[in-house]
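What follows is each chain in one-letter form.
There are 2 protein chains.
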Amino acid sequence: MTDNARPGRVGYRDIANDLRQQIDSGELSPGSKVPGENDLTSQYGVEQPTARRALDMLKNEGLIVAKRGSGTFVREFKPIRRVSPDRLQAGTSWGAGRPIWTTDVGTRPRTEGVTVDVELPPANVAEVLNLDDGVRVVTRRRRYVVDDKPVQLATSYYPEVLVAGSAITEIDTGEGGAYARLKELGYEPTRFREELRVRMPRESEREALDLAQGTPVILIVRTAYTADDQPVEVNEMVLDSAAYVLEYKFTAHD
Amino acid sequence: MTDNARPGRVGYRDIANDLRQQIDSGELSPGSKVPGENDLTSQYGVEQPTARRALDMLKNEGLIVAKRGSGTFVREFKPIRRVSPDRLQAGTSWGAGRPIWTTDVGTRPRTEGVTVDVELPPANVAEVLNLDDGVRVVTRRRRYVVDDKPVQLATSYYPEVLVAGSAITEIDTGEGGAYARLKELGYEPTRFREELRVRMPRESEREALDLAQGTPVILIVRTAYTADDQPVEVNEMVLDSAAYVLEYKFTAHD
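Residue numbers (the working numbering), protein chains in the order written: chain C, 97 to 350; chain H, 97 to 350.
Incorrect hints may have been included.
[Said to hold, decoys possible] Footprint (simulated), chain C over chain H, 3 or more residues, beta carbon under 8 angstroms:
hint	stretch
1	195–201
2	218–232
3	310–318
To be clear, the hints were calculated from the coordinates, so they are not data collected in a lab.
Bear in mind the structure is a predicted one, so any value in this text is a computation, not a measurement.
Note that CB positions come from ideal geometry on N, CA and C, so glycine has one too.
Using the sequences plus the hints, can you model the full thing?
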């Protein structure tokens with residue numbers, strides 16, 4: 097582990113620096129195969145652990161990705177685009193303008209694995225929803241999938257007292273979804289707050305989203321309010337950061 | 097390196113799992129000191145490299161942070177809040193509503209190290225600004241600092257032909273900043289697009305933001321348009337994800 101401390105010997109950092117430089121320069125382009133442990137041991141005359149540690153470093157930096165059974169590759173970024181407010185998705189009321197990053201605009205994530213429960217909310221969700229201790233919520237969990245790869249986990253919380261008996265408590269919320277049902281119930285969401293933070297994934301998130309090493313997650317918590325400032329939904333999302341570009345549009349007079 | 101493959105022996109994963117469980121349960125709370133390599137070698141009866149690798153794993157997961165000369169600690173999250181549109185920061189036109197994450201609302205990052213250059217823009221910035229090949233931009237680079245810790249790097253690009261001779265080409269842009277100057281020049285920004293993506297930092301970003309291992313960066317590219325849909329500024333930001341909660345507010349009728 098301390099091999100690179102001895103002058104004149106090739107250490108894992110030297111190998112990582114070489115590969116990183118080849119990735120930065122484009123010599124190793126996105127999607128192309130990276131030399132494996134065996135290639136590196138013979139190329140640099142090092143032991144297997146040194147080669148492995150060099151590759152591990154670049155995985156943690158998010159530059160290379162191991163694919164089971166087929167080797168290690170330079171990471172590609174082919175994201176989908178999530179636009180807020182989504183009414184502006186079509187861009188009709190908005191001059192087009194060119195985006196800074198290319199995204200796959202044709203792909204729409206598919207919803208999968210919807211479950212509905214009635215339960216006590218986490219403390220911070222109860223606070224945002226202005227619910228007293230012991231007041232229950234209807235919880236809708238689901239994931240979003242692109243080409244069989246999960247890209248987002250989402251959990252929506254609704255005060256039970258507001259939505260009991262409505263289709264929001266069913267697997268299929270019907271035409272227009274939960275917001276259309278909230279409107280029918282007299283709780284139309286008219287304004288939204290999205291709070292975002294970013295961190296490395298917890299183990300359960302890494303598994304559920306099938307994340308490669310060195311892939312952060314984006315946490316978005318969206319709160320929907322009625323015109324009377326009543327919070328009616330909290331939606332906690334966990335996004336695979338390698339799958340998304342987020343876009344927000346607003347005017348100087350919002 | 098393969099110690100955990102032998103049954104009955106303690107491997108680095110076992111140690112990492114123990115510590116992770118203590119962090120998750122709160123037994124090791126945010127900001128508290130984590131056992132060091134020497135503690136772990138005697139506690140688990142392992143060699144130093146095994147202890148080091150266990151700690152390295154948790155650093156890459158962003159759960160613990162090494163502080164030079166004082167040891168390793170459970171990561172704390174004490175972010176500042178960046179609100180868009182920033183007119184709504186005061187929340188006057190907006191019902192308050194409780195935020196999901198606590199943030200330090202009193203702290204405002206300080207601007208530092210402003211440099212101004214005239215140069216050719218990167219290709220993707222030229223595209224967003226609708227500039228032909230070889231057309232130059234005025235570039236303003238600066239960083240934002242909280243308590244001497246850099247939290248954001250920012251580079252703004254303005255078409256040279258629009259801003260030549262104005263205070264936008266000076267270190268000090270004057271009262272109201274660059275947007276006030278653009279307005280005086282007849283190019284008032286009236287709408288904004290922010291595009292976000294997230295990844296692990298490049299080495300230069302890690303150094304410039306003094307990032308701990310396991311800390312992703314948030315890239316925000318903000319484009320400002322006039323009422324005539326003319327792009328007049330692209331601002332590329334790189335944020336330390338451990339320093340920020342982002343907030344976006346919008347209505348169903350935006």
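Original post:
Broken hints, numbered, in rising order?
Top reply: none
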